[in-house]
Amino acid sequence: MSARGKRYLLGMGLGPGASMELRRIQRTSDGTFFITIPKDWASELGLSKGSPVRILKEGDRLSIEPWKGEEPPGAPREAVIAPSPLLEREIGEKYLSGYELIRIRSDSVIDSKSRERIKAALKTLIGMEILEEDSRNIVIQCVIEPDLLKPDKILRRIHSIASSMLADSFKSLVEGDEELASTVIERDEEVDRLYFLLVRALRASISGHRPRRPDLPSPRDCMDYRLLATYIEAVADCAVAIAERARSDPALRLSGEQAELMAKVGRMIQEAFKGAFEAVLSGDLESASRIHRSRPEMEGELIRLGRSLLGGPARADAIFGLLSSLTRMCEISVDMADLASSR
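Take any residue in the sequence shown, count from 1 to its spot, add 2: that is its number in our numbering.
Simulated from the structure, these hints should not be mistaken for lab results.
Honestly, I wouldn't trust all of these hints.
[What the hints assert, rightly or not] Pairs of lysine-lysine residues, derived as DSS-like cross-links and limited to a Cα-Cα distance of at most 30 angstroms, are as follows:
#1 Lys155 x Lys276
#2 Lys266 x Lys276
#3 Lys173 x Lys266
#4 Lys173 x Lys41
#5 Lys125 x Lys276
#6 Lys155 x Lys125
#7 Lys155 x Lys121
#8 Lys152 x Lys125
#9 Lys152 x Lys276
#10 Lys125 x Lys115
#11 Lys155 x Lys173
#12 Lys41 x Lys51
#13 Lys121 x Lys152
From a predicted model like this one, the values you see are computed outputs, not experimental measurements.
Please take these sequences and the hints and turn them into a complete structure.
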């Protein structure tokens, strides 16, 4: 390189080892644009025909670099497993790890029981469909485009379902509505499915298997989202526990003072749960602090409710089970608010 060229590179902030070539973009007959790179550059970088490269766009700049990942960018990640007693777990692990293709291969015929287990496992994994199937092979593919998975939107959907489950579980207990209680229990499956999808999306955001997109959460946000989703799933589980008691224990039918206390406790928990979630996403420390300060009041109302229930016909174990679920939801809401303070 000439002295003038070296001075130009240094003026651009590039080091002494940098090289520069001026090339023109060309176009094929079908309208595709392409650019060539110097042969000696390709040799130095170990590139040849078919070598994958990554093209990055940052503002008004483009850069090209060799791809060092396990697969070329955009190529589907593939896993191969064999039928075993841990088949469901292996499929789930590959799904959460972001594999787009899962091939199940067997040296012998895959029996009908194993096929049923595979199909049952896929019901809990959003986007996974059987693409090919014969006597010894089953190919499963994720039909959801990775670029469409936005962790924050999935998280909001999980919270929305859990919030509705929470409200309906309280209502089913106060009104003795067994049908409403059943719908709460059914919705828990969707929370689990979305939770698995969120974990997959979060892992994909930080795995490095694909070029990082600026609209995805940072690694720190991914950690917070995962913890937040765990809290939300735990609240949904508590809502299911309350709904199951409303459906199976007639002695827990509430009326009068008990119903009023239960409704009040329910409103306080719902407000804390919603407020804590929004405080985490928005970083609203004042809202988080307010929820934390409300804990003694919530606990006091729970004590009042417990004393009132113990004077009724319900069994002590049913009452303590109900109070345990309510207490756990209060604790989770406060823990969620504390998460906002650490962001």
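Unsatisfied constraints (hint numbers, rising): Number 4 - this is the single hint that the structure violates.
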